[in-house]
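Enquirer: Each chain is listed here by its residues.
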Amino acid sequence: MEEETRKVAFICSKGDLDMAYPALVMGWAALGNGIDVTIFFTFWGLDLINKQRVDRLEIAPVANTSMKMSMMGVKTGNLGIPNIMGVLPGMTAFATKLMKDKMEALEVPPVREYLQMLVDAGAKLYACKMSVDMMELGMDDFIDGVIDIVTAGDFMDMTEGAQIIFI
Amino acid sequence: MSTLVLNGISIKINEEGFLVDPSEWTREIAEEIAKEEGIAELTAAHWKVIEYCRQYGLESGKAPTLRTITNNAGVSTKEIFNLFPKGPAKKVAKISGLDKPEGCV
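Here the protein sequences come in this chain order: A and B. Residues 7 to 173 in this note's numbering are what the first sequence spells out, letter by letter. Residues 102 to 206 in this note's numbering are what the second sequence spells out, letter by letter.
So here's chain A without its partners, still in its complex pose (with noise of 0.2 Å):
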């Protein structure tokens, strides 16, 4: 009897430009190892499959604990950006910067590009219903590649037997 193929299913609920990159990351390495990969976009997860924002998801310093000077080249060790500095016009925007040219060096794919890579590789994208109604969303408003908008129980339904992963 042949083996059963494992299946991995990720829910992304978030739109920031980091919180992008994990189910790329994961999902990418698990169609290369062999694994069925399923992703529900749920919420602001679908700036990710939206034409007009996946290709402006951002990263704010504002509120991000995580997010150290030194990340900006200057060598304060553990000193944050302070979140009065992040609320500046353009901190936003230069904190998003600064991570996609880190991540263009490490020879990461945009969001956009690396979508389509996980499609082509066979990964099945679905959007959330509940969330497109809410967000006044349409089948027309998302890249190609998504399948199509789906409830909850339909992604129960989908993912029997998956590990599901939620971002």
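Be aware that a few hints might be false.
Claimed, not checked - Label pairs and their calculated CB-CB ranges:
| hint | chain 1 | residue 1 | chain 2 | residue 2 | range |
| --- | --- | --- | --- | --- | --- |
| 1 | B | GLU125 | A | ASN89 | 34 to 44 Å |
| 2 | B | GLU142 | A | ALA158 | 37 to 47 Å |
| 3 | A | ASN89 | B | LYS163 | 39 to 49 Å |
| 4 | A | LEU104 | B | TRP148 | 34 to 44 Å |
| 5 | A | ASP61 | B | SER111 | 46 to 56 Å |
Keep in mind the hints are simulated off the structure, nothing from the lab. Ideal Cβ placement from N, Cα and C applies to all residues, glycine included.
Position chain B relative to chain A; hints supplied.
Expert: Then chain B, alone, in the frame of chain A:
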């Protein structure tokens, strides 16, 4: 470490089935490992990928990641997943006589 015997030739492999010494690799060995991995026949398209991996492995001492392959070997993501179904990352490296690829992309 164990030994894999293919057509009378014995090759050293590690616990996960990767060749211990990449220099022991031959095209015949690649064909035999491919069969064990469920690929009945290696076509010209397979060889294009394998030859790129061999060259990359000889130059860097490492196995290329899937994205390195798709960026440089003239093969798309779709094609590589069709050529080496169910886990191309490890399969390609194994068939090319290299170790498991390092790197996440």
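Enquirer: Are the hints correct? Go through all of them and say.
Expert: We went through each hint and held it up to the structure:
1. B:GLU125 - A:ASN89: 34 to 44 Å: violated, 59 Å
2. B:GLU142 - A:ALA158: 37 to 47 Å: The hinted range 37 to 47 Å holds for GLU142 (chain B) and ALA158 (chain A), with Cβ atoms some 44 Å apart.
3. A:ASN89 - B:LYS163: 39 to 49 Å: Given about 42 Å between the Cβ atoms, the range holds.
4. A:LEU104 - B:TRP148: 34 to 44 Å: Given about 42 Å between the Cβ atoms, the range holds.
5. A:ASP61 - B:SER111: 46 to 56 Å: holds, 53 Å
Violated hint: 1 only; the structure is consistent with all others.
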